[in-house]
Every structure is written in structure tokens, then in C-alpha cells.
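Trainee: Sequential numbering from 1195 applies to the sequence shown in my numbering.
Note that these hints are calculated values from the structure, not bench results.
This list has only true hints and no planted wrong ones.
Quick list of in silico lysine to any residue cross-link-like pairs, SDA-like style, CA-CA up to 25 Å:
(1) Lys1466 to Gln1407
(2) Lys1249 to Pro1302
(3) Lys1324 to Glu1259
(4) Lys1286 to Arg1316
Using C-beta positions, here's what the derived DEER-type ranges look like:
(5) Asp1379 to Gly1214: 44 to 54 Å
(6) Val1456 to Asn1200: 24 to 34 Å
(7) Arg1468 to Ala1232: 42 to 52 Å
(8) Asp1258 to Asp1406: 46 to 56 Å
This structure is a prediction, so every number in the text was calculated from the model and none was measured.
A virtual CB, placed ideally from N, CA and C, is assigned to each residue, including glycine.
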Amino acid sequence: MNRYQNMDIDLLDYHDGDEGESMRARVVFSPVGEQLDADAVPVKFPGQLRKRLKKLEQRALAFDELIELGESLAALLLPAPVRNIYRDCLGKLHDDEGLRIRIRPHAPELAALPWEYAYVSRPDVPPGRKGPEGFLALDRKISLVRYEIAGRAPTPIQPLEHYDIRAIALLADVEDPAYAALDLDREELNLRQALEGTGGIDARFLRPGSSDQLEEMLAEDAQVFHFSGHGEVEIQMGEEPGTIEGTGHLVLAGDEKHPAPVDAATLALKLKDRGIRLVVLNACEAAGRDPVTPWSGVASTLARQGIPAVVGMQYTIRDGSAIAFSRGFYRALANGDSIDTAVSEGRLGVLGRGGGEERDWGVPVLYMRGTRSVLFPPPIVPLRRNLGLAIASIALLSAWFFLHIYPLAEEGANRTMASLGLGAGAVAGLFALWKVIGTFAVKTVKSEKGSIIERLLRRRNARSVLMMVLLASIVLFSTTSSVYLEDN
1195 MNRYQNMDID
1205 LLDYHDGDEG
1215 ESMRARVVFS
1225 PVGEQLDADA
1235 VPVKFPGQLR
1245 KRLKKLEQRA
1255 LAFDELIELG
1265 ESLAALLLPA
1275 PVRNIYRDCL
1285 GKLHDDEGLR
1295 IRIRPHAPEL
1305 AALPWEYAYV
1315 SRPDVPPGRK
1325 GPEGFLALDR
1335 KISLVRYEIA
1345 GRAPTPIQPL
1355 EHYDIRAIAL
1365 LADVEDPAYA
1375 ALDLDREELN
1385 LRQALEGTGG
1395 IDARFLRPGS
1405 SDQLEEMLAE
1415 DAQVFHFSGH
1425 GEVEIQMGEE
1435 PGTIEGTGHL
1445 VLAGDEKHPA
1455 PVDAATLALK
1465 LKDRGIRLVV
1475 LNACEAAGRD
1485 PVTPWSGVAS
1495 TLARQGIPAV
1505 VGMQYTIRDG
1515 SAIAFSRGFY
1525 RALANGDSID
1535 TAVSEGRLGV
1545 LGRGGGEERD
1555 WGVPVLYMRG
1565 TRSVLFPPPI
1575 VPLRRNLGLA
1585 IASIALLSAW
1595 FFLHIYPLAE
1605 EGANRTMASL
1615 GLGAGAVAGL
1625 FALWKVIGTF
1635 AVKTVKSEKG
1645 SIIERLLRRR
1655 NARSVLMMVL
1665 LASIVLFSTT
1675 SSVYLEDN
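Taking the hints into account, I'd like the entire structure generated from these sequences.
Mentor: So this is what it looks like as C-alpha cells:
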């Protein structure tokens, strides 16, 4: 699914006092209308929320408790007036459209909540039979997106002009007592396994993940940056009294694998200037990854600094789940689906592996500020837009008309008109065929990974040579047609 209607929800005025935590929620944009600031809905946090969140992080929630947590999160995100707008938005969608809920938190305490587990019971499901279908993030028609508020316009995602997705995987192997040891051999194996058999993605792996390798990577024409390693946030006092701010870093490998932190904001500028459209920060549970805050801080920093789309992990994730997510995610990207859809397919892949009781499907978080999220060119060219095919049909019909239905008085003129029709039909027809080849060729031979045909069709120079061959064939065809008409 590549078409989404946006519903933007502001979460603001967070307060933690003697009566507990509270905030306000309001819809600032939707296809069916929005709410004024005065109409923002005040909501209080359930008393057991923080306790359940801790159990969620520790994988200690039973399935019914996971649903209860999801209902509590949905009560905060979608209080009654907001939920009414949400339902009206769903009712306005066409069959080929989805609803993108863009969550805009105005406080770090709200940004840290795992909104991906929000649960809304479906009206056709009895109350005593609640299943995973109520989790919003598992609905293909719904995309949950974190919208980072920044003082700049969102960076749009432009579809690629060619049929390759080039991904760079930087695996930062740091040896220092302050950082947990990472099993990057398994991480690389997991990612290779996830990409195995996924045509259309050319991945390169860089280890030990040094700054020199990063600069080498930035010099290449890549669209996806996949990072495996440590992230951290440097906490400092904010400009206003009583506030704190954090600066996200990625920890690269320096000399002798010593830690070499790179400021996420600086990295974001470099990645953006080099055309990186998507950053994926992955982690597996057995590697002893960093806690939630560092990864969230890095991902949100990259998003605020202009990276069009960032996928981060808000909790640790099992190896098998990481493989299942990456496989579904990258396969959907290669098939021309949007990043929203790719995240959904990755989640469903995790769900299919472990069932609804396994919480790993909600670990990935998508940060995106733009409205377009298609990275790969569409796999289909609508025939109604194919001008070449229309011209070819008209020209060939004209040739047939002058030959058989309405011959001209002058026999030579008749042959000339028919010859011109055949020639024009050949030109337009081959042009139409060329557009179809450029659209479908990689898709039809994608299973033959690394085949000569696939490699040639992905190179612009090779396609230009093929175009010259086709043009020469047109001239030969037109000449042969004229001779045939003269002889008959």
C-alpha cells in the first residue's frame, strides 16, 4: 500500500504531580477535520501503566496484560473525541488507501512511551475473544509514525530513478569495558540471511565500523544506511530551568577498536548530503544492546536533522525476530512498497514467527516527517498513461485502414501512407515496449540474482546501447515494410 491519509495527533502539556501523570491530546490535521487547542482532550495516566511498561521491557507481560497495556496506551493516544475522528478517518479511506497516524509528542516522557502497542478492539470481535488483530501496528491499513517536531521543513523522499536499492551496513565492533560485547558475526549473518533471495537490494558490509569506513561509505551512491553497534545519549541541562536535553551519538570503532562516538546530528547532515533516504538501527537481544533511551535519542536526532525516514528499535529484540523483520521489511521495499508498508510487513513477519504473545513485533519504531514514503519506483506503468502504446495502436490501425478499407486513388500514395503507418507504429510500439522493459525487467528476472540480464538492465549505459539497437531495428523494419508494399 503506497497511499496514505495523514492523521496528526499532538500530545502536549505533560505533567507529573501529586495526582499522577497527565497530558492533553488533540488532532491537528486529518481528512475529516481537526481540533482547536481549546478542544484538546485532557487525559490521566492509568496507575499501573509504568509498572506494565517495565514488565514489557523485561518480556514479563502475559498476552492479556499486553492487551491491557495496549488499551491503556490507546486511551491516552485516542481519547473519546480523538477516537471519533479516527473512526471517521477510517470510514473515508478508499480500498487502496491507509491511515498514517503521525504522533507528535511535545515532551520526552511522551516520546518514550511505546505507542506501537496501542490496542483498539474491533467492533466485530466479542469482548471475551480479544486477539492480536486489535493492535493498531498489526493492521495493514494503519501506519504508526513518530513525527519529530523540528524547526525545518520535512525532507521529502524521492523515488529512485533506477532499479537498485544500495544498502550500506556498518557494523561497529568496539572493545571497551564500558560497552557490552556485541556478537556482530551473528548480526551480519542475520542480515545476510534476511536479504538472501531478496532481489533489487545490493548490500555491502563494513567492519569493524571505523570512521574511515564511514567516510568511504559516504562517498558511495547508497540510499539505505544500516547501523549495528552501540548508541548513546549525552544528557545535559536544558536552556530553561528544570529541563534536560540529550545529544545522540553512534559509537564507531576507533584505533584498536576504542570507542569513537560520532554526533548523530553531524552524521545526519553527512548522510542527508549524500542522498541517504533511510536509516535502520538494528539490535538483537543476545548482544546485550544499549537500553531504550540511547537508541530512541539517536533515531529521533537523525529524524529531526533531516533524514527522511529512520527505523529504530525501542527494546531489545530476539535474533529470529530481527531476521523476520528485516526480511519482510527489505523485501517489501524491493517490491516497490512504501516504507510504511515495509514496516508493517516486517511486523507481521515477526508476528507469524512468534505469535501475538511475543512482543517483538512492536519493537521497531518508524520516524518520518514527510508524507511520501516510496523508496523504490512503482512496479507497474498504467497502460492508460502509456502514450507510446496509444500512438502505436492508432498508427497500425491507420496502415491497415489504408491497405484494406479505404485505398487511396493513387496507388503510390496508398502505399506511402501504409508504410508511414507501419513505421510510426513500429517506433511507438518499441517505445512502449521499452517502457515496459524498464519497469518489469528487473521484476521478472529478480529471482535470478546476479544474472547478466538483470545487471545489464540496471545500468543506464547498457540501456542506452540497447535503445540504439532498437532504433536501428526500427529503421530496418520500416525499410523492409516499404519494399514489401512496393512489391505487392
